[in-house]
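Generate coordinates for the entire structure from the input sequences, incorporating the hints supplied.
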Amino acid sequence: MAKLVILGAGIAGHTAALHARRKLGRQHEIIVIAPNSKWNWIPSNIWVGVGWMKPEQVTFELAPVYKKQHITFKQARAVSIHPQGDKDHAQPFVSIEYTHPDKAGQSEQVEYDYLINATGPKLNFAATEGLGPDKNSLSVCTYGHAHQTAGVLREKIERMKKGEHLKFVVGTGHGMCTCQGAAFEYIFNLEFELQKAGVRDKATITWLSNEVELGDFGIGGMLLKRGGYITHSRIFAESLFTERGLNWITQAHVTRVEKDRTHYELLNGETGVIEHDFAMLLPPFSGVGLKAYDKNGGDITSELFAANGFMKVDADYSPKPYDQWKPSDWPKTYQNPQYKNIFAVGIAFAPPHGISKPMKSPNGTPINPTPPRTGMPSGVMGRIVAYSIVDMIKGKNKPLREASMANMGAACIASAGAGLFNGSGVSMTMYPIIPDFEKYPETGRDIKYTTGEIGLAGHWIKHALHFAFIYKAKALPLWMAVPE
Amino acid sequence: MVKRNPYEQNYYPPVPTKLTRWSRVSLIWQTFRFIILNIKILRMVRKH
Numbered sequence: 001m002a003k004l005v006i007l008g009a010g011i012a013g014h015t016a017a018l019h020a021r022r023k024l025g026r027q028h029e030i031i032v033i034a035p036n037s038k039w040n041w042i043p044s045n046i047w048v049g050v051g052w053m054k055p056e057q058v059t060f061e062l063a064p065v066y067k068k069q070h071i072t073f074k075q076a077r078a079v080s081i082h083p084q085g086d087k088d089h090a091q092p093f094v095s096i097e098y099t100h101p102d103k104a105g106q107s108e109q110v111e112y113d114y115l116i117n118a119t120g121p122k123l124n125f126a127a128t129e130g131l132g133p134d135k136n137s138l139s140v141c142t143y144g145h146a147h148q149t150a151g152v153l154r155e156k157i158e159r160m161k162k163g164e165h166l167k168f169v170v171g172t173g174h175g176m177c178t179c180q181g182a183a184f185e186y187i188f189n190l191e192f193e194l195q196k197a198g199v200r201d202k203a204t205i206t207w208l209s210n211e212v213e214l215g216d217f218g219i220g221g222m223l224l225k226r227g228g229y230i231t232h233s234r235i236f237a238e239s240l241f242t243e244r245g246l247n248w249i250t251q252a253h254v255t256r257v258e259k260d261r262t263h264y265e266l267l268n269g270e271t272g273v274i275e276h277d278f279a280m281l282l283p284p285f286s287g288v289g290l291k292a293y294d295k296n297g298g299d300i301t302s303e304l305f306a307a308n309g310f311m312k313v314d315a316d317y318s319p320k321p322y323d324q325w326k327p328s329d330w331p332k333t334y335q336n337p338q339y340k341n342i343f344a345v346g347i348a349f350a351p352p353h354g355i356s357k358p359m360k361s362p363n364g365t366p367i368n369p370t371p372p373r374t375g376m377p378s379g380v381m382g383r384i385v386a387y388s389i390v391d392m393i394k395g396k397n398k399p400l401r402e403a404s405m406a407n408m409g410a411a412c413i414a415s416a417g418a419g420l421f422n423g424s425g426v427s428m429t430m431y432p433i434i435p436d437f438e439k440y441p442e443t444g445r446d447i448k449y450t451t452g453e454i455g456l457a458g459h460w461i462k463h464a465l466h467f468a469f470i471y472k473a474k475a476l477p478l479w480m481a482v483p484e
Numbered sequence: 001m002v003k004r005n006p007y008e009q010n011y012y013p014p015v016p017t018k019l020t021r022w023s024r025v026s027l028i029w030q031t032f033r034f035i036i037l038n039i040k041i042l043r044m045v046r047k048h
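Residue numbers (our numbering), protein chains in the order written: chain W, 1 to 484; chain H, 1 to 48.
Note that these hints are calculated values from the structure, not bench results. Using N, Cα and C, we set each Cβ at its ideal position, and we do this for glycine too. Watch out, some of these pointers could steer you wrong.
To be verified - DSBU-like mimics (lysine-lysine), calculated; alpha carbons at most 35 angstroms apart, straight line:
(1) Lys474(W) <-> Lys40(H)
(2) Lys47(H) <-> Lys398(W)
(3) Lys122(W) <-> Lys47(H)
Unchecked claim - Take a look, some chain W residues computed to stay more than 12 angstroms from chain H by CB distance:
(4) Gln106
(5) Gln109
(6) Val110
(7) Gly130
(8) His165
(9) Lys167
(10) Leu223
(11) Glu238
(12) Asp294
(13) Gln324
(14) Ile393
(15) Leu456
Take a look at the structure:
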């Protein structure tokens, strides 16, 4: 009998748990440790953030699903990993601290044979002074944040209906943020909702982001075929912003957020201030702060984790300049090089470097997006790693399964307004996620699979995916037929 | 059509024509695009 412990029940961790359970007999134990009692379809938080959906529509309780699937669920946060065990444990184990109200604060050591780290990120609002829903800006990173944001938006709409002109700022709250796509979706949904409420003329909406240009999205932008040209996603994005009457400021590192204004530094070293009545600014991500100890209690955190707190896997972490970055630097199996029974997937793995070119202002401030690794890639990694572990448990002498982002495509369906007949979505596909200028010297990606278009169909797909992925995550009949 | 002021940031990007904007909400055209996009996504997914 083997024991698989999974830290985190987000897209990557939950997918791994369901696939592992499907492939492993009940003599093998699967334990999921996650601090939240609910699963959240994060891509739909955007719609919660504009009030189009309620938190209950994007979440469900995990415990009944895991009970039905014979997966042990511990509502707790992982504190430390002990990959060599300690004087009381011959087996490796994880120290956890319960967050479940009935056991809050209690600790436990959970032994494992195999460990998947899928904790997701820490939302590092503290990186920027005044950033965050407890301070001066809003967020849609969690359903709770999104619900709060929707409430504030309602208030602002009421004020605009009374004739006030208000300023909205949407984007990234730090020079090293990722997930620009979420802010991108939010700004268009916000604009759409203001149109619907009949107050669009009372709002100035500005995009503020760390991208070098609009349409970078942390993937260095992409070249795609449109209207008889191979064009950059920058043109695609600028067109959309212009059409909707949105202003944009890029190459910005937010230095401070005040109640009614945001301070930023630009890549050229200039500084600026933008006034706002409503600011939805995403935080940078970091690792969740897991520690690691050897069998004598010595701190080995830096062996298991990179400086940003994400777990080291089979990537090439040797520092190298942008022009020497290669697709082969990216991990394939997500196995920790030192402890072969530990894997990290989704945001929890440490990327070898960015995808967008690293840049610094003359003051030395890094201003460039960090690589996104959420959504579809996270789910694929979760499945592939679960299959690898199943092979190892069953003693199959097979090489580990591979799912490199350099050899993986992604479909990004960004909502640009929710409505069955008047909504809109931006449908982007790309292959591969990591550009490969050796294989595709002209465009970095396969132009046949790298596309972008805007229209109602995008909204339909995004809405259909909402239901499909929640169905899958609930492990309802034939859930495995829904691909990651 | 969006009002664009010379030499300001919104002067340069392409903006969709009336026909393009109509096609984005045309039920018949978007149903066709819905099918095509799903096929594209499924082909992509099959690669993994």
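A quick look at each hint next to the structure:
Distance hint between Lys474(W) and Lys40(H) is fulfilled; the C-alpha atoms sit about 26 angstroms from each other, no more than 35 angstroms. With a C-alpha separation of about 20 angstroms, the suggested pairing of Lys47(H) with Lys398(W) holds against the 35 angstroms cut-off. Restraint check: the Cα-Cα separation between Lys122(W) and Lys47(H) comes to about 31 angstroms, which is no more than 35 angstroms; the hinted pair holds. Residue placement check: Gln106(W) keeps its beta carbon more than 12 angstroms from all beta carbons of chain H (closest about 40 angstroms).
Separation of Gln109(W) from chain H is adequate, the least Cβ-Cβ distance of about 36 angstroms exceeding the 12 angstroms criterion. Distance check for Val110(W) against chain H: the nearest CB is about 31 angstroms away, which clears 12 angstroms, and the non-interface claim stands. Remark: the non-interface label on Gly130(W) is consistent with the geometry, its nearest Cβ contact in chain H lying 27 angstroms away (cut-off 12 angstroms). The beta carbon of His165(W) sits about 17 angstroms from the closest Cβ of chain H, which is more than 12 angstroms, so the claim that it is off the interface holds.
With a minimum CB-CB distance of about 17 angstroms to chain H, Lys167(W) clears the 12 angstroms threshold, and the non-interface call stands. Non-interface call for Leu223(W) relative to chain H: holds, since the shortest CB-CB distance, roughly 16 angstroms, exceeds 12 angstroms. With a least CB separation of 4 angstroms from chain H, Glu238(W) falls inside the 12 angstroms interface cut-off, contrary to its annotation. No Cβ of chain H comes within 12 angstroms of the Cβ of Asp294(W); the nearest lies about 36 angstroms off, and the non-interface call holds.
The beta carbon of Gln324(W) is kept farther than 12 angstroms from every beta carbon of chain H, the shortest such distance being approximately 27 angstroms. Its beta-carbon lying about 22 angstroms from the closest one in chain H, Ile393(W) satisfies the requirement of being farther than 12 angstroms from that chain. With a minimum CB-CB distance of about 4 angstroms to chain H, Leu456(W) fails to clear the 12 angstroms threshold, and the non-interface call is violated.
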